[in-house]
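Model the placement of chain X on the given structure of chain W, informed by the hints.
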Amino acid sequence: MTDPRRSSEYGLNALLKAGADKAQCQVTRIEKHELNVISGEMSLLRTTFDTQVKLIAIKDGKKGSTTINKSDPDSVSRGAAEALAIAEASVPDEANDIAEGQPAARFVSGSESPDRDSMHYRMKELLETARERYPTLLMLQAFLDFTREDTYVVNSNGVDFSAVKGVYRCTAVFSAKEEGKVSSFNGTSVAIRDLDTPLIDCGSLRRLMRETTEQIHTCHVSGKFTGDVIIAPDCLGDMLAFLDDSIRDRALISGTSVYRDSLDQLVASPVLSLHSRPVSGEICNGYFITSDGYSAQNSTIVDRGLLKTFLLSLYGSKKTGKARAVNDGGAYVVDPGETTLDEIVKSVDRGLLLVRFSGGNPNENGDFSGVAKNSYFIENGQVKYPISETMISGNLAECYRNIRSVSRERVNYGYAVFPWVAVSGVTILGK
Amino acid sequence: MGGLDLKAYAGLFKTYTELRVQENRTIQISFVKGNNTVNLRSATSGVSARAYQNGSWGFASSPELTPDAIASVVKEATENALFLDSRERKGKAPLPVAAVSSDNDFSTKKPRLGQKELVDFVRQIDDEIARRYPGLASRSVILRCLDMEKTLLTSDGSYSHSMIPRSQIHVMLSVEKDGAPVELMESYGGLGQFEDVFESPSSLWEGIERQYQHLMKKSEGVFAEAGVKTCVLDAELAGILAHEAIGHTCEADLVMGGSVAGDWIGKQVASPLVTLVDFANTALGQTCPVPVYVDDEGTRAEDAVIIEKGVLKSFLHNKESARHFGVQPKGNARAFLFSDEPIIRMRNTGILPGTSKLEDMIASVDDGYYLIKPSNGQADLTSEFMFGVTLGYEIRGGKLGRAIKDTTISGVAFDMLKTVSMISNDMKWLGHGMCGKKQNIPVGMGGPAIKCQVTIGGR
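Residue numbers (our numbering), protein chains in the order written: chain W, -11 to 419; chain X, 11 to 469.
Be aware that one or more of the hints could be misleading.
Stated by the list, open to error - Output of the computed footprint for chain W on chain X, the stretches with three or more beta carbons under 8 Å from beta carbons of chain W:
1) 397 to 411
2) 417 to 429
3) 436 to 444
4) 454 to 462
In case anyone wonders, no lab produced these hints; they're calculated from the structure.
Positions of the beta carbon are idealized from the N, C-alpha and C atoms, including for glycine.
Isolated chain W (complex conformation):
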């Protein structure tokens, strides 16, 4: 394989030689080792190598880009010529640009190579522990992979970054079955730096597996009422996705975002603070370089309820006249609250502990509805029983404002750190 640094430099030169006024080339070499479990059995060991070469050309204000997965000089030259041809075909736009020059830097995180024996040991241990502790549990699928990415970004403004990241990721999907009755499936993913800890103790795996075995026998919630919903860390990311989508390029350029005029305004309860921390120690599966070619920095998205930044790209920033974000978002960390989860549960008269949400995409206004999966009914401050066929609906923008408490406890998934969050005023529809 061609050296990725040389390929990136070759790609940049090829773009400029082909006539680009401004050019950027990103080359990423990806090596993945993945152990797969299907239906409770270790089924497949997978080793894949790939290369991504992303070539961006701007000529006369027109932008074109191509992505190929070959890094030899002939392929890169053809890709560069195609990027120029696409730029020629494009529409001029003053907002098209590439990152300005920054000091060259090299970023490194995680291991360089996988420990295949430990991968096999930890996966086997997970399956055996699950069988022993949760005999009704069925491991539908599980994957443990080690992925190493070597990324090089160079551009005609002098950007010269490289990043090497090695990370293990485990995903497990499971259900439970007993006497012909089956639970809903549930699943979780976690990113980890090493294999020092048993997988079952990473993220929320142990809790979700235990809960799934409790969910074979469910009850219906009766009637329709407005209540409190405690959103578990496992589905907080889904609930925050509306905010994330609404402060990005598409929603802000099209002008449809409900937050388009909300910078430094209250968009959530003052108990919520949300950060994007792609380069923090608590996030092992973050990133160092933004998609525009900037060195990524951590940022605060919501500070005690106030919206502090949009997630605009360089293009989106120039198009809207608003500030460019210092990162690409993601790697979300929600600050812990003052109360314990137990205390929050005790404060709920009637509502749900929402562990998984299966819902339609919210509309641009934030209206949502969907099914509360793997979830529990709460009454008089106690978790009563697991539920089925229960829908919830509301408006996510209102939900953010109606957050009344955030738990002290949090779960670190390696790609996000989330607490339990209690929201008032959600419509709950049982049978």
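This is chain X only, laid out in the frame that chain W set:
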């Protein structure tokens, strides 16, 4: 990809092995409110091998297509299978043998358009929408094209080549109502390369006008009344129901994972009006949106009848699960990228048409909803499902009433299918479906309209 003769590598196989060379080519051009926000092409190609040893699999892939790289992935896949076998010692029997030959190429015979012509095509649509509908708050027009070209050789004698393209234009229209956005998306296109799917921008005007009229009604829409209602689900919703709520629960890997369908083969699980099929490549004499002729394990693709007249008949299999259940595989093992292993997937899943007319079905509902467009959908091993609905109307006294705001429907599919009382006599396919089970992959979903009882969300 041209010029590679995979048969020359058959001598490298030490055990059951699949060797696949694949290229996925994409085009994306986006206009958001007149701004050309995306203009790109990509190509992802490479070679992969998957080897089987006593119940353990090894897989390897490389983006390089040189003889050395091909030999290397076969060797690494074999070593991975041996590594896992040395640890697991499952001692399972050999896989069912398949030996078929096939070549299906849906490349256009017309001259290919260049990027500038494609950009101009999309821009003309965007310009025309801006001219016709000046009151819109926003609009997006997105062209997405995907060509998937595969060549496969298996150690048991299958050899196939396919080039399956799809081309779609997604149009999103948005208006503002009382300070809040209301939007509606529609997708146009389907199987084929751009030149075969889209004749001219004007061929979309009629559909976009219909979309705009629906949007105007939706902007005056009301919240659905939450509860269990009699609904007529139009073809797109019936299709997503067939895929998400029934199809997934009948995939053999999910059956082994505890799906409720596992205990119900031969049992009545739906109204006798319901016959549900996972079509391989051709349905009712027409080529399906995602035709599969030979799957990525080298099995000849055949239709799989999942429910026949309300009785659960079969599951969907790869070679390994077919051996486990003692049946023949029907070509459901598919991979999206060259670097993906084949897993059990649907192809084109739909309920067969009935005998009723859609207007009679609507007229028969006293108090309910006519639901037309889904957004996303999810289902469960329990067959409990949820679909987003982005377009629908009230039915009052057998007549269509006000449009409704975005909502969600849910239910337990095997219960809900027992309430099906009418099925329309037509069949429409949703040609832009993507299924996200580990790997995203194109699927077809379709059907007639069905009348049934379903829980609808609302306020």
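Within the region 436 to 444 of chain X, is the number of residues with a Cβ closer than 8 Å to a Cβ of chain W three or more? It is violated: at least three residues are needed, and the region 436 to 444 of chain X offers just 0 whose Cβ sits closer than 8 Å to chain W.
So is the region 397 to 411 of chain X in contact with chain W by the C-beta rule, three or more residues under 8 Å, or is the coverage claim wrong? Per the Cβ count (4), the hint holds.
State whether the coverage of the region 417 to 429 of chain X by chain W holds or is violated, taking the criterion as 3 or more residues with Cβ-Cβ distances under 8 Å. Answer holds; 5 residues pass the 8 Å Cβ test.
Within 8 Å of chain W's CB atoms, at least three CB atoms from the region 454 to 462 of chain X: coverage verdict: Violated, because only 0 residues of the region 454 to 462 of chain X bring their Cβ atoms closer than 8 Å to Cβ atoms of chain W.
Checked against the numbered hints above, the structure violates hints 3 and 4; every other hint is satisfied.
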